[in-house]
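The residues making up each chain are set out below.
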Amino acid sequence: MRIYACVKQVPANNETRLDPVTGTLIREGSPGVLNPLDAYAVEQALRLKEQYGGEVSALSMGVPGVRDMLRRVVALGVDRGILLTDRAFAGSDTLATARVLAAAVNKCGMPDLVLCGRVASDGDTAQVGPMLAECLGIPHVSDVACIEEIARGEARVRRLGDRGYHSLRVRLPALFTVLKEICVPRLPSITGVLRGEKAAIAVWGRADLGSLEGGVGLKGSNTRVLRSHRPDLRVKTRAVAGARDLMDILREENLIAEDRVRGDI
Amino acid sequence: MGTYEGLQGIWVLCGVRDGQIDRVSRELLGEAERLGAVEGMKTTAVVLGREIPQIRGADHALVVQDDSLSVPEELRWTHELYHLVRRYRPQVLLLGANGFGRSLAPRLAARLGTGLTADCTALDMRDGLLVQTRPAFGGNLMADILCPDARPQMATVRPRVFRAPDWEAARPCEILREPPAGPDTLSRLVEITGFTPSGQDAAIGEADILVAVGQGIGSKENIAMAEKLAELMGGALAASRPLVDGGLVPYAHQVGQTGRTVAPRLYIACGISGAIQHLAGVAAEKVVAVNIDPDAPIMERANWAILGDCGAFLREMVDLYTTSPPSVLPDRHSK
Ligand SMILES: Cc1cc2nc3c(=O)[nH]c(=O)nc-3n(C[C@H](O)[C@H](O)[C@H](O)COP(=O)(O)OP(=O)(O)OC[C@H]3O[C@@H](n4cnc5c(N)ncnc54)[C@H](O)[C@@H]3O)c2cc1C
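Chains B and E supply the protein sequences, listed in that same order.
Start counting the first sequence at 0; every next residue gets the next number (numbering that gives the first Met the number 0).
Start counting the second sequence at 0; every next residue gets the next number (numbering that gives the first Met the number 0).
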């Protein structure tokens, strides 16, 4: 079975620097780590490889420095790392990013499975996975909690929906975004780390990826950040003496469940 | 059928729950009406399903009714919505940012080749463009996002960001029925074979009122009192992490960075200090803090701060509810 795990480098903490001109994030210079939830996609990919055989590739779009992060992913047991980096990709929104990832997947040939983390800790959109599946023309399932079985070109999975868990049967190739509860990520072994350090990470730019219909980078993005601002979380606080006064306020503000009030009118 | 002018405005994809338009959709219909009024745009409620509930609160309802639409499934919905959008070309398409909406919207946006903004917490109209405000970096940053050229401008909006208008008073819509879009090879690749409900998990995410307890709660009895108050107020019990780690409250009730994000209308924090990791999960409309420490960070974040013992506060609240329901409390403003 051939599996791709899509991984993203995110800032080590949620402190932010913004480009004052474009309003987009400045990624150079801030220390980067593997997006915490992507570790679960990598781990799940490795477990499927151990169970069913095959090969796992890790795919990442980012700045040139992401190569080191991919080495650390290879150290976990991934067979190869592919970095998609080019100035032309800078400023890509979620759909433009999905296009780049899709072009890379198509260049290597369609795998059986593409796995993504549920959401990236910086952008926090959870959009790239489903968009990538659409660009590839394959089905996706979001929020997969368990891959129960893969057999005869079909996966049986459980995913967390709004009111509970759905069981689904999905034809492969397919893309899943995975939840934390799917597995516990492993730590790298010493031999793994050594292997990672020596691993050759493939680096592809715009020219390696063919036509990229629809555009990439800032120019190929439909969304524009108009401005960014820090929210003022402080509110005007009013001191209240106790429960009785609070009840008056809550009634005035229409904050008491209406049916409970209405019943007594 | 021709194209309807009125269908080119703001669309809201409506979800159905227990035979009714669900709550986040009603909230979005209310917001769509406000936005539409700014630019003179008409609003359309889009409803897909095997059974179509009563629809209100928009100029039009666009309805696709078919046996094959009995269970919401992203690929199937994408197929139908793609054809509706291509046919009528709305300016704006809003969806609820629940699990289904957050999985469907990116798929649909990618097929339409348009922009999508996830998890908006505010919307506005400026010069015919939808200004979409969303948090990033755990709420450390807010971004205003535009989709200047592509259409529709798509956004998902979290439940409880907007207030649902009074449903009974909402105006009726003109219903337009559309046949299903025909066969779709992709959605045949996915089959939903079963469902296991998880009742409790949803409770704190959906409650209007949360009574939250922290390390200052003092005793198990006080936790029970908080739960009682929550029940009396029609809300649910929430907790900070230490109480969950200590085994006093189940994990499903934990609010914060490693728990759930909640957006009730009212959050009553009893004996909670207001650590950043806790506040990361609190997106309440209004916050009440009850704390013996005037300098606790939660006091700055609270709309109403009560300096005092939270156990006594909870007992008094429960008394007020049980001995005299809130509607018959003496009204201080009329004397
Ligand atoms: C990576 C990470 C993730 C975390 N995730 C979460 C999370 O998801 N959710 C979460 O809640 N925390 C989380 N935490 C923990 C967080 O940092 C705080 O430690 C925690 O929120 C504090 O809980 P608390 O407010 O109940 O307790 P405390 O900080 O101990 O506050 C107790 C408060 O009660 C008040 N008090 C004491 N007695 C009384 C009384 N009789 N009446 C009224 N008030 C009284 C005190 O003045 C104080 O303000 C996380 C921490 C880390 C490092």
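Simulated from the structure, these hints should not be mistaken for laboratory data.
Think of the CB as a built atom: it goes at the ideal place given N, C-alpha and C, for glycine as much as any other residue.
Careful, some of the hints might be misleading.
Stated by the list, open to error - Okay, derived cross-link-like pairs now, SDA-like style, lysine to any residue, Cα gap no bigger than 25 Å in a straight line:
1) B:LYS106 - E:ALA279
2) B:LYS179 - B:ALA199
3) B:LYS235 - E:GLU299
4) B:LYS218 - E:LEU140
5) B:LYS218 - E:ALA149
6) B:LYS179 - E:ALA169
7) B:LYS235 - E:GLN276
8) E:LYS41 - E:LEU185
9) B:LYS218 - E:LEU128
10) B:LYS179 - E:PRO158
11) B:LYS179 - E:LEU128
12) E:LYS41 - E:GLY215
13) B:LYS179 - E:LYS227
14) B:LYS179 - E:VAL130
15) B:LYS179 - E:GLU299
16) E:LYS285 - B:LYS218
17) B:LYS218 - E:PRO158
18) B:LYS235 - E:ALA149
19) B:LYS235 - E:GLY273
20) B:LYS179 - E:ASP308
21) B:LYS235 - E:GLY215
22) E:LYS227 - E:ALA149
What the hints assert, rightly or not - What follows is a list of derived Cβ distance ranges for each label pair:
23) E:ASP318 - B:ASN253: 45 to 53 Å
24) B:ARG151 - E:GLY245: 45 to 53 Å
25) B:GLY241 - E:PRO147: 47 to 55 Å
26) E:GLY233 - B:LYS218: 45 to 53 Å
Hints, one by one, checked against the model:
With a C-alpha separation of about 41 Å, the suggested pairing of LYS106 of chain B with ALA279 of chain E is violated against the 25 Å cut-off. Between the alpha carbons of LYS179 of chain B and ALA199 of chain B the distance comes to roughly 29 Å, so the proposed pair goes past 25 Å and is violated. With a C-alpha separation of about 8 Å, the suggested pair LYS235 of chain B and GLU299 of chain E falls inside the 25 Å cut-off, and the hint holds. A threshold of 25 Å between alpha carbons decides the hint, and for LYS218 of chain B with LEU140 of chain E the separation of about 24 Å falls inside it, so the pair holds.
For a cut-off of 25 Å, the pair hint linking LYS218 of chain B to ALA149 of chain E stands: about 13 Å separates their Cα positions. Proposed proximity of LYS179 of chain B and ALA169 of chain E is contradicted: the alpha carbons are some 41 Å apart, above 25 Å. A hinted pair counts as satisfied when its Cα atoms are at most 25 Å apart, and LYS235 of chain B with GLN276 of chain E qualifies at roughly 22 Å. Using a Cα cut-off of 25 Å, the hinted pair LYS41 of chain E and LEU185 of chain E is violated, with the two alpha carbons roughly 33 Å apart.
Restraint check for LYS218 of chain B and LEU128 of chain E: satisfied, since their Cα atoms lie roughly 19 Å apart, inside the 25 Å limit. At roughly 23 Å between alpha-carbon atoms, LYS179 of chain B and PRO158 of chain E fall within 25 Å of each other, so this suggested pair holds. The suggested pairing of LYS179 of chain B with LEU128 of chain E is violated, with an alpha-carbon distance near 37 Å, which exceeds 25 Å. The straight-line distance between the Cα atoms of LYS41 of chain E and GLY215 of chain E is roughly 51 Å, outside the 25 Å bound, and the hint therefore fails.
Of the supplied pair hints, the one linking LYS179 of chain B and LYS227 of chain E is violated, its CA atoms being roughly 33 Å apart against a limit of 25 Å. A threshold of 25 Å between alpha carbons decides the hint, and for LYS179 of chain B with VAL130 of chain E the separation of about 33 Å lies outside it, so the pair is violated. Taking the CA atoms of LYS179 of chain B and GLU299 of chain E, the gap is near 33 Å; set against the 25 Å cutoff, the hint is violated. At roughly 41 Å between alpha-carbon atoms, LYS285 of chain E and LYS218 of chain B are farther apart than 25 Å, so this suggested pair is violated.
Between the alpha carbons of LYS218 of chain B and PRO158 of chain E the distance comes to roughly 32 Å, so the proposed pair goes past 25 Å and is violated. A hinted pair counts as satisfied when its Cα atoms are at most 25 Å apart, and LYS235 of chain B with ALA149 of chain E does not qualify at roughly 40 Å. Between LYS235 of chain B and GLY273 of chain E, the direct Cα distance comes to roughly 16 Å. Compliance with the 25 Å bound is thereby established for this hinted pair. A C-alpha spacing of about 38 Å is found between LYS179 of chain B and ASP308 of chain E, which places the hinted pair above 25 Å, so the restraint is violated.
Taking the CA atoms of LYS235 of chain B and GLY215 of chain E, the gap is near 24 Å; set against the 25 Å cutoff, the hint holds. In summary, the hint linking LYS227 of chain E to ALA149 of chain E is not supported, as the alpha carbons are separated by about 51 Å, beyond the 25 Å threshold. ASP318 of chain E and ASN253 of chain B have their C-beta atoms about 23 Å apart, which leaves the hinted 45 to 53 Å range violated. At roughly 48 Å, the beta carbons of ARG151 of chain B and GLY245 of chain E sit within the given window of 45 to 53 Å.
The hinted window of 47 to 55 Å between GLY241 of chain B and PRO147 of chain E holds, with their beta carbons roughly 52 Å apart. Remark: the range hint 45 to 53 Å for GLY233 of chain E to LYS218 of chain B is upheld by a beta-carbon distance near 51 Å.
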